[in-house]
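S.K.: Sequence:
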Amino acid sequence: MRQKEVINVRDGCRFGFVCDAEFDNENGQIRKLIVPGPGKIFGVFGSEQEYHIPWKDVCKIGDDIILVDVDTGKALRDWE
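Numbering (the working numbering), first residue to last: 411 to 490.
Derived from the structure by calculation, the hints contain no laboratory data.
Treat the hints with care, since some could be wrong.
[What the hints assert, rightly or not] Below, computed lysine-lysine pairings styled on BS3-like, alpha-carbon distance capped at 25 Å: (1) K414 to K470; (2) K414 to K484; (3) K414 to K442; (4) K466 to K442; (5) K442 to K470.
All values derive from a computational prediction rather than experimental measurement.
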C-alpha cells in the first residue's frame with residue numbers, strides 16, 4: 411500500500427502516499443490509513459500533521475491509487 415497514492419474523490423486533493431495503517435487488535439482488520447500531512451517530505455521535513463483516513467471512507471483500491479471520500483479538514487490531525 412505504500413506505493414499507492416491516496417486521492418480524495420470529494421475535492422480531487424492528492425494526499426500523498428500511505429505511510430502507516432492502524433489495525434484493530436481484536437480482529438486484525440484495518441481501521442484507518444495514515445498519510446503524511448501537507449509539506450512533509452519523506453516523513454522528515456515539514457509540518458507535524460498527518461491525514462487519518464477511516465477504512466470505511468476508502469472507495470476503491472486500484473493498481474497505483476487509493477480513492478477515498480473524506481472531509482479533508484476533518485482527516486488532517488496533529489502528529490501523535
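S.K.: Hints first: check each against the structure and report whether it holds.
M.R.: Hints, verified against the model:
Annotation: proposed proximity of K414 to K470 holds, straight-line Cα distance about 12 Å (limit 25 Å). Taking the CA atoms of K414 and K484, the gap is near 22 Å; set against the 25 Å cutoff, the hint holds. A distance of roughly 15 Å separates the Cα atoms of K414 and K442; the hinted pair therefore holds under the 25 Å criterion. This hinted pair checks out: K466 and K442 have alpha carbons roughly 8 Å apart, not beyond 25 Å.
Taking the CA atoms of K442 and K470, the gap is about 14 Å. The hint holds against a cut of 25 Å.
The structure agrees with every numbered hint stated previously.
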